[in-house]
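Trainee: All chains, please: the whole structure from these sequences, using the hints.
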Amino acid sequence: MNSHDQFRDLIEAYAIGSLDAPERAALEAHLAGGCDECAKALEEAHWLVSQLAYLAPDAEPSGMLKGRLLQTVRAETAGSANQSSVRQTTVPWWLWAGVAALLLFSVYSAWNERKLRNEIANLQQQTEAQQAERQKLEQELTAAKTQAHEAMIWSDPKSKKIMLPPKDPTMEPLEAMWHPDMGLVVRGWKVPSPGEKRVLQLWLIPKKRGGKPMPLVTFWPDASGKFSAMVENPPDAMSDTQALAITEEPIGGSSQPTSTPMWVGGVS
Amino acid sequence: MQQLLRKDVGAFEELYERHSRIVYSLVLRILRQGSTAEEVVQDVFLQLWRNSGQFDLRRPFVPWLLTMARNRALDQLRLKSERQRRREDQTEEFPQIPVAAPEYEAALDDQRRAERVRALIRSLPSAQKKAIELAYFEGLSHSEIAASLNEPLGTVKSWIRNGLLRLKEGLQATS
Chain A
10 MNSHDQFRDL
20 IEAYAIGSLD
30 APERAALEAH
40 LAGGCDECAK
50 ALEEAHWLVS
60 QLAYLAPDAE
70 PSGMLKGRLL
80 QTVRAETAGS
90 ANQSSVRQTT
100 VPWWLWAGVA
110 ALLLFSVYSA
120 WNERKLRNEI
130 ANLQQQTEAQ
140 QAERQKLEQE
150 LTAAKTQAHE
160 AMIWSDPKSK
170 KIMLPPKDPT
180 MEPLEAMWHP
190 DMGLVVRGWK
200 VPSPGEKRVL
210 QLWLIPKKRG
220 GKPMPLVTFW
230 PDASGKFSAM
240 VENPPDAMSD
250 TQALAITEEP
260 IGGSSQPTST
270 PMWVGGVS
Chain B
479 MQQLLRKDVG
489 AFEELYERHS
499 RIVYSLVLRI
509 LRQGSTAEEV
519 VQDVFLQLWR
529 NSGQFDLRRP
539 FVPWLLTMAR
549 NRALDQLRLK
559 SERQRRREDQ
569 TEEFPQIPVA
579 APEYEAALDD
589 QRRAERVRAL
599 IRSLPSAQKK
609 AIELAYFEGL
619 SHSEIAASLN
629 EPLGTVKSWI
639 RNGLLRLKEG
649 LQATS
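Line by line, the protein sequences give chains A and B. Under my numbering, the first residue of the first sequence is numbered 10, with each subsequent residue one higher. Under my numbering, the first residue of the second sequence is numbered 479, with each subsequent residue one higher.
The set of hints was computed from the structure by calculation and includes no laboratory data. Note that the structure is predicted; figures quoted are calculated from it, not measured. Don't be surprised by glycine CBs; every beta carbon is placed ideally from N, CA and C. Just so you know, not all the hints are guaranteed correct.
Partial selection, computed: residues in chain A whose CB lies under 8 Å from chain B [stated by the list, open to error]:
1. D29
2. L51
3. R83
4. A84
5. M172
In silico BS3-like links for lysine-lysine, alpha-carbon gap of 27 Å or less [stated by the list, open to error]:
6. K170(A) with K206(A)
7. K485(B) with K75(A)
8. K646(B) with K49(A)
Far from chain B, some chain A residues (derived; all Cβ distances over 10 Å) [what the hints assert, rightly or not]:
9. A48
10. G234
11. G262
12. G275
Mentor: In structure tokens, the structure reads:
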């Protein structure tokens with residue numbers, strides 16, 4: 010099965026919305042690449058999935074809903090008709106007097122608006138500060154959850170340890186733990202930083218003959234050369250995987266490796 | 479649909495009469511609460527009325543309407559506890575859902591196709607049927623379904639794909 014066939018197999022699940030994030034991102038990248046065959050298959054898959062609506066038990070909306078809807082659309086139709094007729098009418102003299110009064114009122118409104126605008130600006134500043142605080146807390150929470158998840162993978166006896174020796178003997182080996190249900194974690198120390206506008210990318214090498222490497226996460230080591238990368242839902246099972254590999258790729262990652270692997274570790 | 483483009487209230491009423499029942503049934507199945515389901519159905523039909531000019535007439539209308547209603551209902555389901563995000567996410571833009579009817583679509587009218595769909599899905603093993611329902615009506619991902627049913631991830635992926643392919647073959651067989 011080639012890479013295109015692998016994407017073709019994901020189309021129905023994509024249309025129903027059940028693909029997990031890594032597979033969804035990979036398929037979207039494939040579609041964005043202009044695969045007409047997959048795009049056509051997706052259109053038909055959307056149609057097929059829409060037919061599942063007929064599994065819903067039959068139910069009838071209340072008459073009030075229809076009443077509310079028709080009232081709204083009639084009001085909108087009448088509103089646009091009135092606007093048209095107003096545009097065609099000649100303006101009477103007394104309307105000009107009204108306009109003058111309106112101008113006076115506008116002066117007052119402008120002053121009032123400036124005052125309100127200042128108050129709104131203050132409120133916006135407060136809201137932005139609160140949002141920034143909330144984002145910071147959310148990031149901390151996500152990081153804590155990730156760390157906890159990684160710790161569970163590292164400590165669970167069902168996890169399999171995989172060593173990734175370096176191609177360059179002057180570099181340190183990396184370690185990976187793969188849990189059949191919780192996912193895969195790779196970590197390393199004293200890892201050299203990738204070049205400018207480059208990242209490190211993890212690949213899964215399938216066991217089947219002719220199977221192409223599957224792109225997983227991209228990552229950078231920190232200033233001390235330490236990193237930890239997690240894949241919650243690897244696209245293939247451990248038993249179907251021959252090896253894990255890490256290459257250096259342009260920022261954003263690649264769909265196929267563009268450089269020689271720096272670390273490779275056999276899985277099974 | 480052509481008349482709706484000209485803002486014909488009568489055409490809108492006819493369209494509502496024809497399709498509101500299946501749209502409401504779908505949304506109610508997802509949200510399980512009548513009043514919220516009616517709010518979503520109202521949003522869907524009002525969006526249709528206000529933005530009908532953006533609808534691509536080459537696309538099949540009913541599957542597109544059902545897909546839009548499902549997406550709206552799942553958004554509502556996911557964002558029940560995130561009202562703020564709901565306000566940010568809901569746009570007035572018309573969703574461009576690429577739907578194309580396959581050749582076998584014309585073989586059955588809506589009612590007979592609905593019966594066929596129900597029969598085909600009923601014929602699946604109950605766990606496979608449940609996996610498809612969790613994906614379609616609850617909007618769950620493969621991993622979430624695997625956790626919910628306590629089944630291996632690979633099994634859930636196969637169930638959903640094979641179930642949909644069986645549905646496709648079953649509908650094709652009637653053409």
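Trainee: Going through the numbered hints above, which ones does this structure break? Give me the numbers in ascending order.
Mentor: Failing hints, ascending: 4, 5, 6, 9.
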